[in-house]
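One line per chain: the protein sequences are G, F and A, in this order. Note that our numbering numbers the first sequence so that position 45 is 45, with each residue one more than the last. Note that our numbering numbers the second sequence so that position 4 is 4, with each residue one more than the last. Note that our numbering numbers the third sequence so that position 249 is 249, with each residue one more than the last.
Hints in this document: simulated from the structure, not taken from any laboratory. Note that beta-carbon positions come from the ideal geometry of N, C-alpha and C, so glycine has one too. Check each hint, because a few of them may be wrong.
Cβ-Cβ distance ranges computed for the label pairs, FRET-style [as the list claims (entries may be wrong)]:
#, chain 1, residue 1, chain 2, residue 2, range
1, G, L75, A, L171, 53 to 59 Å
2, A, P19, G, H153, 47 to 53 Å
3, A, P103, F, T45, 53 to 59 Å
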Amino acid sequence: MNTPDFILSCRGLTKDFVLHTIDGRHVEALRGVDLDILPGEHVALAGSSGAGKSSFLKCIYRTYEPTSGSVVLRLRSGSRVDLTSVSDQEMAYLRGRDIGYVSQFLRAEPRRGPLDIVTRAGVSRGMDRVTAREAAAVSLKRLNIEEKLWDVHASVLSGGEKQRINLAAGTISAPQLLLLDEPVSALDPANREAALDLIGDLTSQGVAVLAVFHDIEAMERLASRIVLMRNGRVEMSGDPDMVLDVLTQGARV
Amino acid sequence: MNTSLLQQVLDRNTRIDESPVADLDVNFGLLDEYSKREIRRAILTAVAVPGYQVPFGSREMPVARGWGSGGLQISLAVVGPDDVVKVIDQGDDEGVNAVNLRRLIVSSTGIPESTTPEDSTLIQTRHRIPEDPLDERHTLILQVPVPEPLRGVERDMRELARMHAEADYARMWVSLYEDKVRNGVITRTTGYPCLVNGRYVIATTPIPRWDVPRLHQSRFLSLFGAGREKRIYAVPPHTDVEPLTFEDVPFEVEITPGAECRSCGSSESFLVEVPGSTTDGGGHWVCSDSDWCRRHRERRQHPSRGDRS
Amino acid sequence: MNSEWALKVSSLGKIHGVPDLRALEDTGPDVGTAKSSLTGAIVAAWDVGFEVTPGEALGVIGESGSGKSTVMRCIAGDQSSTTGEVFLRSLDHGRTNVLDLDPSARRRLRVADLSVVYQDPAEGLRLNVTAGGNIAEALTAAGWRHFGRIRDRAAELLERTEVPLSRMDDLVGTFSGGMRQRVQLAKALANEPPVVLLDEPTTGLDASVAAGVLDLIRNLLEETGVAAVVVSHDFAVIEMLTTRCVVMNHGHIVEAGLTDRLLEDPHHPYSQRLVGAARA
Numbered sequence: 001m002n003t004p005d006f007i008l009s010c011r012g013l014t015k016d017f018v019l020h021t022i023d024g025r026h027v028e029a030l031r032g033v034d035l036d037i038l039p040g041e042h043v044a045l046a047g048s049s050g051a052g053k054s055s056f057l058k059c060i061y062r063t064y065e066p067t068s069g070s071v072v073l074r075l076r077s078g079s080r081v082d083l084t085s086v087s088d089q090e091m092a093y094l095r096g097r098d099i100g101y102v103s104q105f106l107r108a109e110p111r112r113g114p115l116d117i118v119t120r121a122g123v124s125r126g127m128d129r130v131t132a133r134e135a136a137a138v139s140l141k142r143l144n145i146e147e148k149l150w151d152v153h154a155s156v157l158s159g160g161e162k163q164r165i166n167l168a169a170g171t172i173s174a175p176q177l178l179l180l181d182e183p184v185s186a187l188d189p190a191n192r193e194a195a196l197d198l199i200g201d202l203t204s205q206g207v208a209v210l211a212v213f214h215d216i217e218a219m220e221r222l223a224s225r226i227v228l229m230r231n232g233r234v235e236m237s238g239d240p241d242m243v244l245d246v247l248t249q250g251a252r253v
Numbered sequence: 001m002n003t004s005l006l007q008q009v010l011d012r013n014t015r016i017d018e019s020p021v022a023d024l025d026v027n028f029g030l031l032d033e034y035s036k037r038e039i040r041r042a043i044l045t046a047v048a049v050p051g052y053q054v055p056f057g058s059r060e061m062p063v064a065r066g067w068g069s070g071g072l073q074i075s076l077a078v079v080g081p082d083d084v085v086k087v088i089d090q091g092d093d094e095g096v097n098a099v100n101l102r103r104l105i106v107s108s109t110g111i112p113e114s115t116t117p118e119d120s121t122l123i124q125t126r127h128r129i130p131e132d133p134l135d136e137r138h139t140l141i142l143q144v145p146v147p148e149p150l151r152g153v154e155r156d157m158r159e160l161a162r163m164h165a166e167a168d169y170a171r172m173w174v175s176l177y178e179d180k181v182r183n184g185v186i187t188r189t190t191g192y193p194c195l196v197n198g199r200y201v202i203a204t205t206p207i208p209r210w211d212v213p214r215l216h217q218s219r220f221l222s223l224f225g226a227g228r229e230k231r232i233y234a235v236p237p238h239t240d241v242e243p244l245t246f247e248d249v250p251f252e253v254e255i256t257p258g259a260e261c262r263s264c265g266s267s268e269s270f271l272v273e274v275p276g277s278t279t280d281g282g283g284h285w286v287c288s289d290s291d292w293c294r295r296h297r298e299r300r301q302h303p304s305r306g307d308r309s
Numbered sequence: 001m002n003s004e005w006a007l008k009v010s011s012l013g014k015i016h017g018v019p020d021l022r023a024l025e026d027t028g029p030d031v032g033t034a035k036s037s038l039t040g041a042i043v044a045a046w047d048v049g050f051e052v053t054p055g056e057a058l059g060v061i062g063e064s065g066s067g068k069s070t071v072m073r074c075i076a077g078d079q080s081s082t083t084g085e086v087f088l089r090s091l092d093h094g095r096t097n098v099l100d101l102d103p104s105a106r107r108r109l110r111v112a113d114l115s116v117v118y119q120d121p122a123e124g125l126r127l128n129v130t131a132g133g134n135i136a137e138a139l140t141a142a143g144w145r146h147f148g149r150i151r152d153r154a155a156e157l158l159e160r161t162e163v164p165l166s167r168m169d170d171l172v173g174t175f176s177g178g179m180r181q182r183v184q185l186a187k188a189l190a191n192e193p194p195v196v197l198l199d200e201p202t203t204g205l206d207a208s209v210a211a212g213v214l215d216l217i218r219n220l221l222e223e224t225g226v227a228a229v230v231v232s233h234d235f236a237v238i239e240m241l242t243t244r245c246v247v248m249n250h251g252h253i254v255e256a257g258l259t260d261r262l263l264e265d266p267h268h269p270y271s272q273r274l275v276g277a278a279r280a
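Use the sequences and the hints to build the structure in full.
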C-alpha cells in the first residue's frame, strides 16, 4: 500500500509531568495522540482549555519533551526524522529551518524593530539578507504594520502589533510544518482578516499547518480538517463541518 | 703574573698618571681572576643570546652605583694588555666621570688611552656612540642605568621575566600606542626600545635616538652593563636591531633644522644645545662628540692635512 | 547543519584540597553539598562535559556555588583543573587537550582562539589605558603593527559595541560599568576568536544598562558566528542569549536541554525548583 507522503506523523504521543516541587505528583497532559498531516493541509486543534492542544504543539516543537511516542517529520530534503529522538542541537537546527512556531508571546527581543526581527528570522531560515529583508517588508505590509513602525523597538508596540510581528517572523520563508498557537487572539477584525489571509496562503503553498484557534470562524475558514481533543487524547477528527456540528451541538446541549 | 711583568705595569702606570693606585699591588684590571671569569661568562651568555639581560654578580667598585660601575666591570673583565681605551661621557672625553673611569682602567692595566676612536679598541661610554665609524677592532661598552625596557609598564619581577621569556611585548606596544595617541608622535628620547635579533626587546639606554641606527648590523660588538641592576646584555656584530615602532610611524632621529655646531660648523653630527647665559640671550649648538668636533674643525682649517677620521 | 563543535569539554573536574576521589562519595547534588567530610576537600566541579558549535550559545545556569564559574575559569585557563579534557577546533583540529598545555601555551590561546568576558570588566581590561589602547593590546598581541590600521579596527569595534568614538582615547577607568563592559566585549572580539566565554556578563549592571548590553551581546553572537558559553544565574540572560543550556548544582550538571524546554518543562527536581523560583 502506498503510504501517503505525510509531512508530520505522530504515533502514541504521551506527555507526563512529574512535579517534584509538589510531592512528586504526575500530571498527564497527553495520553496517546496519533495524527498525520499532509502538505497543504490545515489541521485545526479544537477542544476546551486543558484538553492538551498547546501541549501537543509544544511536544512536537520539543518545548515539552514527550514522555513516549514518536513524531516523524518529513524534511525538505525528503528524509524523515523522529523529533522525539534527535539531539538538542539537531532540534535547534530544525526549528530554524523546517518548523515554524508562532505562539501568542513574542520572544524576548526588546530592542529590535519589526523589520529587523522578521529579517533575522528569514536569515536564520537560510535566506540571504537582502531577500529576507524584502520578504519581511512584504509580510509586514500585508499584516498592516505601518512602515514608520518598522524601526521602532518592538517592546513599545501594542499586543496586537507584537502578535502580527510574531506571525510575520514565524511564516517568513514557508517552513515544512507550521505550528500556530492562538496566533490572532489579540487582533481586531481588520487585522485578523489580513492575518488569516496570510495563513491561508501558506497552505496553498504546500505548508502543513497545525493550529490552535480560539474562535470557530477562523477554524471554519482555514481548516481542511479539525481534530477535537479532550483530556489529552484525540476524541474526533474529520471534516470541519461535521466536527463543528458536533461541537456546537455539544455547546447547545 | 711574574715580577718583571708586574714591574712593567707599575712602571707604565707611574709614567701615565700619578694615581695612588699605581703604587699598590693590584691585579691586572683591578678585579680578581674569579670575578673576571664570572663577568666574562655573563658576557659570553649575553653575546650568545643577543638582547637577553644576563644577571651577574655585580661587585662594589671604586665608583659609586649610578656612576658607571656596570660598564666599568665589563671593561675591566675584557681588557687585555694590547687594548687602547677611550672613555666618554655624553660624547666628551674630558668630563669628570670619563676622566675618573679612564684613569682607573689605565692605572690598573697600564694600557694606553686615546680620544680618537681610530686608535682605540675599547670604548666605554655613557650616553653616546662616537661619531666615527667603528669596526671589528672595537668593543663598545655602554653604561646603563635602567636595563629593563618594560619597567615603565610593569613592576613585578616575575611578570617581567615571563614577558621576556614568552616574547610577550604587547604591553610595550600599548604604551607606544598610547604615547602616539596622546602626543601625536612617539616621544621617547634616550633608551628607545629595540628588538634585537628578532627576539628580545632591549632598552638602548642611555644613547639618544640619533645613535640607535648605528647598532643595527654593526661591525662592532656592543656590551651593555648595568652595575646597580646587576645585568649585562649585548648586541653582537651583524645583528638586527630594530627600533620598536609601528609600520606607518617611521623611526625618526633628533634633528633641529638649521642647527650647526658653533665650533666646527657641522650639521651632520649629533648636536647639543648650550643654553644662553642671562647676559647674551640665546643659546647655541655644539657637537656632542667633542673629539670628533675638534678633528672636524682642524680638517676644515687645514684641509691639506691627512684625514685622520 | 554544522555538527563540528568549536569547543568540546569532557569530564572536567576541579577539587580544591586533597585530590582524593573518595570526596566524590559524599558530595554532589544528591548529597546536597560540595564539601566532603571524608577528605575535607571541596569538589567544585565534577564530570562536566558539553559541546558548542559555531554560531551557537550554550548557557550554564546555576546558583552561586554551583561550580559554573569554576568550569568557566578552568576552560579559560584562569584556574587549573584537576581532571578532564578541553578541545578547541582551532587548536590542532581539536586533537590536543588544552588542559595539557603549559601555561605560556595556554596564554597564547587567549590571543585569538579563546576570549573571555568577565563579570567585572576590570578583570578583562586595563583601567589605566585608553579604550583604543585596550583593543590595541589584543591586536598587537596578535601581531598587528600598523598604527593606522590598529586604530581603524579599534574604532570599528568600539562602534560595533556602541561606545562613542569620542571616548576612544579616554582611559577606561573613567568609564561607567556598562561602558566598560562594552569595551571588554570589543576587546574580546578584536581578533575574531572562534570561542567566547561570557561570565555573568550583565550581573552588577543597572537594569536599564544591562538590557542594552544584553541586546548587544545577542546581536554580536548572531553576527560573528562565534561559539559562546554564557554562564549566568539569571534566567532572563540565558533565555535571551542561548538556545541550549546545562543546569549545574553542587558541581555537577543535573540537566541539559534546549533552553526553552528547560524553562517550560524542567525534569530534574533541582531544575524545577530553580525555574519555579525564577518564574515566581
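Hints, verified against the model:
Evaluation of the 53 to 59 Å hint for G:L75 and A:L171 yields a pass: the beta carbon distance comes to about 54 Å. Hint check: A:P19 to G:H153, Cβ distance near 52 Å, so the stated range 47 to 53 Å holds. Restraint check, A:P103 to F:T45: a C-beta distance of roughly 25 Å breaks the suggested window 53 to 59 Å.
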